[in-house]
Structure formats: structure tokens, C-alpha cells
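Colleague: The listed protein sequences correspond, in order, to chains A and B.
All the letters of the first sequence, read from the start, carry residue numbers 1 to 265 under the working numbering.
All the letters of the second sequence, read from the start, carry residue numbers 1 to 308 under the working numbering.
By construction, these hints were calculated from the structure, which means they are not laboratory data.
All C-beta atoms in this analysis are idealised placements derived from N, C-alpha and C, irrespective of residue type, glycine included.
Hints are supplied without guarantee of correctness; some may be wrong.
Just a few of them, taken from the derived set where beta-carbon distance is under 7 Å, the chain A residues facing chain B [said to hold, decoys possible]: (1) GLY104; (2) SER111; (3) LEU263.
Chain B stretches covered by chain A per the calculated footprint, using a threshold of three residues with CB under 8 Å from any CB of chain A [what the hints assert, rightly or not]: (4) 48-55; (5) 68-81; (6) 96-109.
Computed cross-link-like contacts, DMTMM-like style, restricted to lysine to aspartate or glutamate with a CA-CA straight-line distance of at most 25 Å [stated by the list, open to error]: (7) B:LYS127 with B:GLU86; (8) B:LYS137 with A:ASP13; (9) B:LYS130 with A:ASP13; (10) B:LYS9 with A:ASP262; (11) B:LYS127 with A:ASP13.
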Amino acid sequence: MLLHNVFTKTIRDLRWPTFWVALGMGAMTGYFAVLFPTYSKIVDLNSILEKMGPAAKLMGDIGDVSTLVGFLHIELFSMILPALIVTYAAGMASGFTAGEESRGTIDVLLSYPVSRSRLILEKSLAVVLGSVLAAVVVWILGIGGAAASASVLPPDRLAEALFMLVLLGLAFGAVALAISAATGNRAAAIGAAVGLMVVMYLVDALASIVDGLGAVRPLSLFHYYMGNDPLRNGISLTDAGVLAAVAVVFLILSVVIFERRDLAA
Amino acid sequence: MTAAIETHKLTKWYSHRSRGILDVDLVVETGQIFGFLGPNGAGKSTMIRLLLDLIRPTSGSAQVLGLDVHRDRLAIDRRVSYVPGELSLYSELTGRQLLTYLGNLQGGVDAVYRDKLIERLELDPDKRIKSLSRGNKQKVGLVAAFMIRPELLILDEPTAGLDPFIQLEFEHLCEEARTEGRTVFISSHQLPEVEHLCDRVGIIREGRLLAVESIAALKERALRRLEIDFGEPVGVEAFANLPGVRDLTVTDSVLRCTVMGSLDALVKAAARYEVRNLRSIDTSLEEIFMAYYGADDGAAEEVSHAAA
Ligand SMILES: Nc1ncnc2c1ncn2[C@@H]1O[C@H](COP(=O)(O)OP(=O)(O)OP(=O)(O)O)[C@@H](O)[C@H]1O
Ligand SMILES: [Mg+2]
Chain A
1 MLLHNVFTKT IRDLRWPTFW VALGMGAMTG YFAVLFPTYS KIVDLNSILE KMGPAAKLMG
61 DIGDVSTLVG FLHIELFSMI LPALIVTYAA GMASGFTAGE ESRGTIDVLL SYPVSRSRLI
121 LEKSLAVVLG SVLAAVVVWI LGIGGAAASA SVLPPDRLAE ALFMLVLLGL AFGAVALAIS
181 AATGNRAAAI GAAVGLMVVM YLVDALASIV DGLGAVRPLS LFHYYMGNDP LRNGISLTDA
241 GVLAAVAVVF LILSVVIFER RDLAA
Chain B
1 MTAAIETHKL TKWYSHRSRG ILDVDLVVET GQIFGFLGPN GAGKSTMIRL LLDLIRPTSG
61 SAQVLGLDVH RDRLAIDRRV SYVPGELSLY SELTGRQLLT YLGNLQGGVD AVYRDKLIER
121 LELDPDKRIK SLSRGNKQKV GLVAAFMIRP ELLILDEPTA GLDPFIQLEF EHLCEEARTE
181 GRTVFISSHQ LPEVEHLCDR VGIIREGRLL AVESIAALKE RALRRLEIDF GEPVGVEAFA
241 NLPGVRDLTV TDSVLRCTVM GSLDALVKAA ARYEVRNLRS IDTSLEEIFM AYYGADDGAA
301 EEVSHAAA
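This is chain B alone, in the form it adopts within the complex (with noise of 0.2 Å):
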């Protein structure tokens, strides 16, 4: 089965010191619900911008639904929707001549489906968007992304000022897309937000895409919070420039640090001094997120290691 989004070495420069994307190898397989996250700046919007062919690559491919993303743009406009980070609708009209005209641009849309969907939405389709506030604004590019009823949904930062009972709605939505085979590409810096949602996530950071795992797989492979108490006070020296431990404190007899990946450099260094109980805590989803992107570079090196 192709993919519902392919690239290959994927690269953007907006200029020869503006870095957008590099080197990106990405698949996304269908009928997924597909997270790729990352902070401010690491580079989304543009992989999103470079999928729907408003801006160009520096260098590599890409294909959507098994289509180049040039050369056969119409086709996919016809199975695909968007809703951009920044949404920016013609401001004068109301919702529903707004949902009009992009549904006869499409070739025109089921009107029942796309009445249920500004129910569900609750969305009131006859107010000017002008005067309409960001969340609800937001439903109405939802509206317009949903009803074609795509194979493929790119959505940026789609949740950004929707209240939660429209964000369960939303997910109700990419939920069903799912069911009936499609597939939805969503864009966030908040792990948490997409984490129950998403079947896979993509990590990006600084351009570059770290990993690509299963939400499950990612949690597997959590980051161990350790706390030691040894029968001594311990210095710090000790342990200092072990392989994989970060956050190091400690205080007389008490050791805390974070590890990631083997623990054997750190219970060897350990076993110098007498043990009294060694702690490991769970760690959150989020501080695995926070290891791969907020982590400086040699520590997202390891991560990305590990994640090979």
C-alpha cells in the first residue's frame, strides 16, 4: 500500500542562513493518526508548507498519497485538506459563504455531513468571521478541512484555542477518520495534547527529524529517574561524566540524576560506596518529550542514538 506521506531527504533553506528542514526521511502510513511534534521554530510549518507545495524544496522529495507533490498537485488537492498554523479566512464573508465556495472549489461537498460537522463543532455559520473569536474561527477551518471527507488531513497546531469540550470533539473527529481508513497528520509542541490521540509521533527538532516511534515503543523506552541513598555522604565528583546520566544532584548521602539508556556505568560507580536503597521513578511521557527536544545537542545525539 503507498504511504500517505513519503519524503525523501526532504531539505528547505529560505536562504543560505535561514535553515527550514534537513534531510528529512519521513513515512507516514495510512490510516494513522500521525503526531509530529517539536518547539517553536524546529520546523512543521514548513515540512506542512513543503507537503502542499507552497513553498519549494532546497533539495529531495516528497509524495502525498503516492504523488509528487508538484507535478500532481491538483490530484491531490481533490484528497487532501489542510488547516494552517496560522489560519487567515476571507474575513468579510460569513462561515457558511465561506464553507460555500470552498466546497464549490472543491467540486462540491456532501451539505448534510457538513451541517452535522458545524453542529458537532457548534460553530454559528452565520456570523462574519471578522467578528468571529480564534477558537471559533479555528472551527470553521476544521469544518472546511473535514467536510471533503480527505484521505489525508494536514492539520497545523490544529487545537490551538479551541476550549476542551471542542478539543474532545475534534478528537472525536480524527477518530473516526481513522475508522474509516484516513489518515491525519497533526502538527503540536505539546506532547500531552497528541499523546492519547496520536498511533505514531515524529520528533523534529532544529530542522532535523530525531525519531519516529510508536507512542507506545516511547514510552518503553522511558528515561529512569534514579535516587540513591548510601550509608555515607558521597561526592559529586564520583559520578560526574558518566555515560547517560544527567541532572545530577547530591546532597550528602542522597543522589538523584536522570538516565538514559544503560545503567551500568552508574550502579558500578555505586557499588564504590555502601547502598542503601535504590530508587528508580517512572518518568512522564513529557520528560521523554523533553529529553528529545529540549535536551542541547549532544544529548539529543545520544537520544537519537538510542532511538537507532
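Next comes chain A alone, as it looks inside the complex (with noise of 0.2 Å):
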């Protein structure tokens, strides 16, 4: 039943949600593996890239999107991945103590022997598990589907992009903790975080185009998600090490500031 700890608990809270967006980050690149060989056969998608000049450049650095690995990293990995990993890190984050607080549920809960740090780290390890399980279903639907249609899609590059991809939504949902934790209103803390994120695709994004963002870029997360390409170059340790930072910061302190606040009754 799952009902051990608050680890196995909050598993249990987040298997449909996990299902889901594993589900749909699943489905998504099985299908597109599967059909990307009709698709580079009945368009020739440089040739469109080409005739849309440098707004083509909004959707990320591109390269060459006549392989699969191109394909995938332009129509999943620069946005829609992200944006499903994130909301789904973020809104569960946000959930941990505010929830519990919200539902005035935590009163219960925290007059058992369970300290309020061992409350956050337990839930935020569930999340982590949550990501990397829903990970391992688009490698496991990308991979078929690549040999499937007989396309080219290296195992360990897909699975590097992908470590990275659990990273970006680590790092954000961390972010939605912290606002959570800090003013228990779980609705601000999502909102943030996805505004967050947003703006701060836009930055990486646009910054490929308008030559005054450079200096700001290294503020954006993507720029660490996607600078080095990872489908097609793999990880970069810097890049995975900043995104870790971020997320174990703000894990942090989220502890710190749950632990001296007084709680919603």
C-alpha cells in the first residue's frame, strides 16, 4: 500500500501524475522515432529552416534537421520536454509542505516523530524518482521507436540528453519548493516557477539572435540544459554541474526557511 514512510507515501501521491507525463513524454518521441523517416521524406525540413532565416534560430541551435537526432532535439528536447518536465517537477514540489499545509493536513502529520527537514528531503527524493522513472520510459519509447523505423538514435546520447532533461526539471521544481516552503501558497510557488521558466527560455532563446542578451544568458537555465547540444554531444559536467547546483541550493534552502516558519493551521 505504500503507506511505510512519507518517501513511500509520497510516491504513492505521485503515481498518476508520473504515469502521465511519462505517458506523454513517451508517447511523443516513440512517435516521432517511429515517423520521422515519412516526414524527412515528404518535406525537406532544411530547406524550410533555411527560407525562415534567423527566426528559425528561436527554436535553439539548430543543425541539421534531416537526421532524427536533429528532429527530435528541435521538436521535443528545445521545448515541449522541458516544459512537461518542469511543470510536472514544479507542480509536485510545490505540493510538498504547502499542500500538506493548505489541506491542514501537516498538524497531523508532523506530531508523529517525522522532523520537518526529513519531510521535504523525503518527498523532493520521491520527485527525484518520479523524473528519472518518467526519463527511463522516453528512452525506452525513443529507442523503439528509432529501431522501429530503422533511424539512427544513439542509446547513450538520448539517455545523456535525457539525464539533462531531469536535471532542468530538478532544478525548477526545487525553485517551486523554496516559494512553496517559504509562503505555503502553492499556487505562486507553480506560477513563479513556470514563469520562471519561461522567461528564461526566451532568454536562451532570443539570445542566439539579439547579440545584447549575451551578457544576461548565463542567467538562463536552458543555457546550461541545452549548450552543449547533449543529443548530439553528450553531457558537459559543467553544465550538468550547474543545473545540480542549482537544484541542491534551493533544496536547502527550502529546508532552512520550512523549518523556522511558523505553519497555516
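Reconstruct the complex from the two isolated chains, following the hints.
Modeller: Here is the structure:
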């Protein structure tokens, strides 16, 4: 029944959202991988992008879309998958403390031998597991789809890109967690984290065509997520380190803030 | 022996305008059933949530079972249970699932005893909590609190929504706990609800602890309601503003009032007239209680002086 401790109870709470986000991301990836040869036969994707000129750069640093790797990069990994995983991680994390507070269940929960910091850490561990699980589903369906259509999709590169995707989700999830732990307001936390994601995405995308933005580009987490183009080149350890550090710092911040606060009745 | 609860000048301001409790010095000895009484907004829940470390004091300190409520939190949690005033439980779980979860967090509970509690409180444990009525939800909270056999039970208005039969069963549970040397701390705004159950009560009003007394002493220091029949009509002015005299009415030759403390002033004033009869009517505990917290500030002050 998964009712052994806060960690397993959180897995229980997250099971359906995790199922749906995994299925959604996995189905899209599999679908594109299976149908890619058909697409590329009908349309010459590269020539379309050329016609779009600089505007095409808004979709990220593109490269060659006539391969499945380039195609997935632009169609999924630059925007849709990050949006999904960030919404998932931020949505779940923002409810960890704020959800218990607004439902009023925090009083009973904390009257049992569970410390406030353990509450946050065990719940966070559950969303890490959920994100990794979703990434594994995407990997399996992606590799399966590519095999079915006999397209080239290096398994290790896909895993690396998904690793960066998970880190991106967790970084934004930790931001949402910190805001919700500080305010007790779940809606505000989701809103702020998703809003921040959109702004950071735009900053990173616009920076490739607007010169003036170059200076602020390092402030965008998308810069680290996409910078090395992990689907083609693999992981850059510094980029991964930055995302992981953001996640850890905001997690610690959440614990510190939450330990000090008066909890809502 | 260490007290079950001990606070020193415990004060909580939610903001600089919103008063929670003020300078509360309270000692609750172990092995008692203690009633914590006060009207709405008096600060009962504030006091309790401070003891649970859910909110932090502005100043002062609090110990539970001799342990610091913040520093020794987990040690206290293992030995104390709590039913909040506004009880919210995971509504998607059944009662049984919730009790399993909380039992696991506690590190295991006696399942036989838990099932006996379920039976005694007539709880249907296989219904989802969201489908339970208020009273039935409250039963889940009570089973959760009693099943760990805590040394101290902190119950914030625990009987709200319980029918008389279950309320009686709840009282038996409290009495059994006391027999085993455990302590029960119950908040309520109704004295009659707890008067026969509690050994001692504390009365809190507008954040201040006005008095802590045994029920017996509380009854002893009854307010006296007096009726005096005079031989002639008397004016109300002659009795107005006498110390300790309240609720004064004079109709023709009959005076009715409530007296707190000494009767001296009233009797001397009455002696100026022909007194045909003087009756003292026993006051109910409820009236004593109302005098503590229903009264305006001046009267409350008087009461607390009388209590000192
Ligand atoms: N979160 C809060 N923020 C600001 N003020 C608060 C808060 N909680 C309680 N108060 C104030 O503190 C005072 C005491 O409230 P408390 O809930 O402790 O009273 P109570 O005795 O439990 O009342 P009731 O019998 O209605 O449950 C009230 O004046 C209330 O307005
Ligand atoms: Mg209350």
C-alpha cells in the first residue's frame, strides 16, 4: 500500500501524475522516432528552416534536422519536453509542504516523529525518482521507435539528453519547492516556477539572435541545459554541475526556510 | 516528578497587532485530566500549536515531559499525541490506511489495541475519509491519538461532532489513560462538557491565563446570587457601585444581584433598611465560569484577584 513512510507515501501520491507525464513524453518521442523517415521523405525540413531565416534560430541552435537526432532536438528537447518535465516537477514539489499546509494535514503529520527537514527530503527524493522513471520511459519508447523505423538514435546520447532534462526539471522543481516552503502558497510557487521557465527559455532562445542578450544568457538555466547540445554531443559536466547545484541549493534553502516558519493552521 | 506541560511566560504575537497568547505560565502535572477552557479566540489552539512546535513563540519557553518543545521535538513526538481542532486527514485514504500510515510513522503500534479502539468508537475503518461525516472523521483522529498509548494526549476540542454515546466512550478512554498514569490535556469552550471529566482546569481569556484550579475549588468559590426582601421599597442607588456586586436589579422591595467575594459591603448597605428575608441561591459552575470569561475587563480582573 506504500504507506511505510513519507517517501513511499509520496510515491503513492505522485503515481498518477508521474504515469501521465511519462506516457505523454514517451508517446511523443516514440511517435516522432517511428514516423521520422516518413516525415523527412515528404518534406525537406532543412529547406523550410532556411526559408525561415533567423526566426528559425528561435527554436534553438538547430543543426541538421534531416537526421532523427536533429529532428528530436528541435521538435521535443528544445521546448516541449522541458515544459512538461518542469511543470511536473514544479507542480509536485510545490505541493510537498504547501499542499499539506493548505489541506491542514501538516498538524497531524508533524505530530508523529517526522522532522520538518525529513519531510522535505523524503518527498523530494520521491520526485527525483518520478522524474528518472519518466525519463526511462521516454528512453525506451525513443529507442524502440528509432529501431522500428531503422533511424539512427544513439542510446547513450539519448540517455545523456534525458539526464540533462531531468536535472532541468529538478532545478525548477527545487525553486518551486523553496517558494512554496517559504510562503505556503502552492499556486504562487507553480506560477513563479513556470513563469521563470518561460522567461529563461526566451532569454536563451533570443540570445542567439539578439546580440545584447549575450550578457544575461548565463542567467538562464536553458543555457546550461541546451548549451552543449547533449543529444548530439553528450553531457558537459560543468553544465550538469550548474543545474545540479541550483537544485541542491534551492533544496537546502527550502529546508532552512521551512524549519523556521510558523505553519498554517 | 517532571510536569507533563510547563510553560514560562509563553507569548505569541502572530503580528504586532494580532495577539495569540500573553505571558502564560502553566504547569500541568502528570496523571491528570486537565481542561483548558476559554471562549472563541482566547488562545487555546495557539497554546497547543506552540506546544507542538508548529508555531514558534515570540518569547517565553515551553517544555513537554521535561523536554524542550523545539530542540527535543522528535523525542516528544514519540511520546505525545495530538488531535487538532480543525482535524484534516488524507481524504483519499480509508481510515484503516491512514491509521496504518501513522502507525508506521510512529514506528509500529499495537494492532490489537488499535482494532479494539476502532470497535469501541464504532468507526467504519474501510470507508474513505472523504466520505466520512465530521463526527466519524473525528473518531479516526481519536483512534490515531490513543493507539500509540502516549504519555500525554493533547486534544483540541476533541468532542466536537461526537454523539453522546461516543462522547461517553471517549471519556472512558481518557479516564483509562489517567488510571495508567498518563496525562490528558483537553481544550474546550464548554465547562459542562469537561467539568465531570477533568481534575483541574485552566481558564484563558484574551490570551491571558486567568486561573488554574481544581474543579472542587472552583465550585467552592461560587458566586453567590442573593435575593433580599425589604420591608419597604428601596432605591437602586443605595446599592449601586458596591464592590463585588453585579447584575443588580431592584423591583419595589426586592433586590437581586450576584456577589463576588465578600458580602460585607452589601450586607452593611442592606442593614439600613428593614430586611425581611435574605436568600442565597447556589450558582452553577457554568455561572462561575461565565464570570471568568464573560465579564468585562474590570470584573475579570476582580475574579483573578479573588483566585490569587
Ligand atoms: N494564523 C494567525 N494569524 C493571525 N492571528 C491569529 C492566527 N491564528 C490565531 N490568531 C489569533 O490569535 C487569537 C487566538 O486564536 P486561537 O485560535 O488560539 O483561539 P482559540 O481559543 O483556539 O479559539 P476557538 O475556540 O475559536 O478555537 C485570536 O485572536 C486569533 O485571531
Ligand atoms: Mg481553537
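Colleague: Hint by hint, say whether it matches the structure.
Modeller: Results of checking the hints against the structure:
1. GLY104: holds, 3 Å
2. SER111: holds, 4 Å
3. LEU263: holds, 5 Å
4. 48-55: Check passed, 5 qualifying residues.
5. 68-81: Coverage by chain A holds here, the residue count being 6 at a Cβ distance below 8 Å.
6. 96-109: Since 8 is at least three, the answer is holds.
7. B:LYS127 with B:GLU86: holds, 20 Å
8. B:LYS137 with A:ASP13: holds, 21 Å
9. B:LYS130 with A:ASP13: holds, 16 Å
10. B:LYS9 with A:ASP262: Measuring from Cα to Cα gives roughly 19 Å; hence the hint holds.
11. B:LYS127 with A:ASP13: holds, 19 Å
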